[in-house]
Amino acid sequence: MTATAAREYEPPPVADPVAPRLRSPLSRAKPLLPLAPLFAFLVVFFFFPVVQILSLSLFGEGGTATIANYTKIFSDPLYFDVLLITFKIAGWTTVISIVGGFPVAYYLANTDPQSRTALVIWVLLPFWTSFLVRTFAWMILLGRSGAINQLLLALGIVDAPASLIFNLTGTLIGMSHAMLPLAVMTMLPVMQTIDGNLSRAAETLGAGRAQIFWRIYIPQCMPGISAAAMMVFISSLGFFITPALLGGARETMLTQVIITQIQELLNWPAASTASVLLLAASIVVFVAYDRVVGLSSLAGGSSDRSARWVSPWSRFLDRLGRAVVNGLGSLCDAFGARLARLLPDPMFRRLGRGTSLALFLLVLVFLLVPTLFVIPASFTPGNAVQANPNGFSLRWYEAVFASSEWTSAAWNSLVIGLASGMVALVLGTMAAFAMAWNRFLGKTAALAVILSPLIVPRIVIAVALFFLYSRLELVGTVTGLVIAHAVLAVPYVVITVMAVLATYDRRLDQAAAVMGAGRWQTLRRITLPIIRPGLLSAFLFAFVTSFDELTVALFLTGGSFNTLPRQMWSDLLLQINPTLAAVATLLLVVMTGLLFLNERLRRSAGRH
Amino acid sequence: MSEKLRAERISKRYQSVVALSPTTLSMRDGEFLTLLGPSGSGKTTLLSLVAGLIEPTEGDIWIDGQRVTHESSAKRGLGMVFQNYALFPHLSIYENIAFPLRMRRMGGAEIDAAVRRVLDLVHLPQVAERLPRELSGGQQQRIALARCIVYEPSIILMDEPLGALDKNLREHMQTEIKRLHVELGITVLYVTHDQEEALSMSDRICLMNNAKVEQIGTPAELYFRPASVFAAGFLGESNIASAKVLSTGAETLLGSPDGSTVRVAAGAGCRADDKVNWMVRPERLQLLGDGEMRENVRRGQLLDVVFVGGFTKINVRLDDGTMLLAKELTSGRSLPERGQTVRLGWSSADAIVLPPGA
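Sequences listed follow chains A and B, in order.
Position in the first sequence counted from 1, then plus 251, gives you the working numbering.
Position in the second sequence counted from 1, then plus 402, gives you the working numbering.
There could be a bad hint or two in this list.
Covered stretches of chain B (in silico footprint by chain A; criterion: 3 or more residues with CB under 8 Å from a CB of chain A, positions within the stretch not fixed) [said to hold, decoys possible]:
{"#": "1", "segment": "468-476"}
{"#": "2", "segment": "482-488"}
{"#": "3", "segment": "501-511"}
Some but not every residue of chain B turned toward chain A, in silico, with C-beta under 7 Å [to be verified]:
{"#": "4", "residue": "Ala453"}
{"#": "5", "residue": "Leu455"}
{"#": "6", "residue": "His492"}
Note that these hints are calculated values from the structure, not bench results.
Each residue gets a CB set at the ideal place from its N, CA and C atoms; glycine is no exception.
This is chain A alone, in the form it adopts within the complex:
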């Protein structure tokens, strides 16, 4: 009994030529040097301003330390309400995204790899489509005379137009639409690694399909489901575009309050206090997740419970979960047995497969179709935004290209996207090399530091940078926004490049070294060319992050200096006009093009 099957999955670490304990501490730290630029960058433009802005909540008007801001916020029923609404909306969005995302992930995980790659693009398409474009599409669709109400009226389902917008329904539709792809993409890798033999084994052991699904399949999916739930919930907490445009006064979320406090009331302590609340809520969810499920399962690793201390709370949840899935298994089994008796066996089997396909298509239509309605709306000859225009005209495109506001905004977005993408790529790639190819104490902590711009709500970063920049006179400058967007994009770059490096065969480097290549030569002639598709993909991701970014731009742009999302936002708040549909269509085309480009890059990266 020497070999353990479980341990054999782990690839053997590449042997270091020098035993680590023989080296001095200084030379031991040398491989970690590439981390330094990114850490310095994050300290100056992320940690320092964020800590500073959060500490504002602890001071009163005279600069004395006080907890008055907190007592005020907790005694004010308005804030309490907003907090409650924020949690309610985030919670419902999470539930809808998981329930809707599960059949999609299930279908994708169980289809053959070739169709999976093709289908994943369609799921990701709305994820890449500009946030504002999607919200705009829903505004067209959900309005009183929108396409959906017209359909409902035509079918006789409702007598009068249903109110689908400026309320909770509209907000939830928009937010689940935004979050579903995230839920699917988080669940999919976990579901793909589930060993198909387990279901087959359960079948030979006498379990019916319902029993297999609930007792064997769902427990295997749990790491994916809980990770997806956490990601969606935390992301939802920081939303403001969707509730602002699709919700009513009752759907004011915490982020909107922060924006109002600063932009209209210039009340820094109040904004800071609300930011602390938002950040605290995110961190609480994050920590709770780590305690119950374990952060390692985020990275797709199995949460090894045997190796660590299991909290009683986690054990209780575990037992509860078991009881629930076992009960559901038996229940569905009994129900399925009835159904099976009514239907002939082949038909029963087809029913199962058919349901899974039908659910998949239903969710896919929900994800893809709404955005397409902006295209016909952009060609309207009239002055109103309609999903079914009478006629065809390019006048709104002409209007866009003739307007200096739109063209300069587009130019700014392009320049900022490219520049911040480059900054993020250089800093992130260096860090990724240090992270992927070294084992060191505190690696998890280092990763947490790098990923923290993703965890801290964007609005907090935006407010923090606004405060910092207002003293450095960087507000309203290209440089300022490039730095800010690089902060937001760099975690994606690190994750992408680390993933590419994880599959990189380091023996190629060793081979090059044996043949006489130095470190730099190896890097320049072997490593970088091989991972180039991955680097381009990371760059594209960073570019899109910047190109679509509104929250930070909302604070750091101003006067005649605007970005595309910022310009769209101002127009959307003022009035909906067909110019927006034209801009949205242009963005849709560009983003789709980039997505397919990225997909091709990813595929050629996979060939190595």
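Take the given structure of chain A and dock chain B to it, following the hints.
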């Protein structure tokens, strides 16, 4: 003994790809039958068809006289041990073994007794509360067996169950599986690509190649009477050459292309002028001393002598370029030097004519 399993002209096609040509197979109660063959030979397809994990294109399957062709796997009452064991990672060892019993709605006390009993049977009573990943490969293997045995399935199917283990452990587990087979009198359908495993464990071996059965028989039959060139080559080592039948009778006389003749004790239903292959096992070839004679003798140059522990391999190149491999028990006696001319001989009873066309 009664017939346990019968597969009647069963086949499987995926579009134009034939995974299994029509195959007929029968197993008696308590038999240990091994499907042996290279990868892609259709052995796992056949096993999956019996298990009900895939549906046959044509043909029928009977278990205990019942036609089960279209029954789901769950209703066939089979046990299966998977190559990677397929232990449920989220359930304890106890719950893994209890799973089939729970699916059969057995009572708690009954389940407990059954689980304890099989854990004793596989000598692992102490691991009940652990999770599968906390066990070593060999232990996981035994638990997979226990999970199968616990509900007393009528047939246990094993799909390369020892493939993931190292050599020593594999041999140990072979004995363990064989012990359980004998002790419990279970019927086992076993899949492997390892010929030694098949030879040492099976009552009968079903040799498969190119999606069809090459030969079914006891290990000895397959070894000493291979029915085809493939069978002769796959099981054990062999010297195979082509020849033409010169005459038949009490002894068959074969003529090689180079003009030499080979005498074979028995024919195999071949007629004069048939083109056939004949073979002789390396361990039946002997290095002959001066003046020693056999029915068949060849002269050649000794290429090398390879010492592999218990026996020694001797490679000889004949004058016409044919290579012959001889194998003899290592005795310590001095062997000829490399490059020396040697004589190899074998008796006519040790050569086999492979059936024409095979």
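>> Can you confirm whether chain A covers the segment 482-488 of chain B, using C-beta to C-beta distances below 8 Å and requiring at least three such residues?
In response: holds (count 6)
> Do three or more residues from the segment 501-511 of chain B put their C-beta atoms closer than 8 Å to C-beta atoms of chain A?
Replying inline: holds (count 4)
> With a Cβ-Cβ cutoff of 8 Å, does the segment 468-476 of chain B contain at least three residues near chain A?
Replying inline: Check passed, 4 qualifying residues.
>> Given Leu455 (chain B) as an interface hint, is its Cβ closer than 7 Å to any Cβ of chain A?
In response: Since the shortest Cβ distance to chain A is 5 Å, the answer is holds.
>> A closest beta-carbon separation below 7 Å is what the hint needs, so does His492 (chain B) meet it against chain A?
In response: Constraint on His492 (chain B) satisfied, holds at 4 Å.
> Is the interface hint for Ala453 (chain B) satisfied, with its Cβ closer than 7 Å to some Cβ of chain A?
Replying inline: OK, holds: Ala453 (chain B) within 7 Å of chain A, min 6 Å.
In summary, the structure agrees with every hint in the numbered list given earlier.
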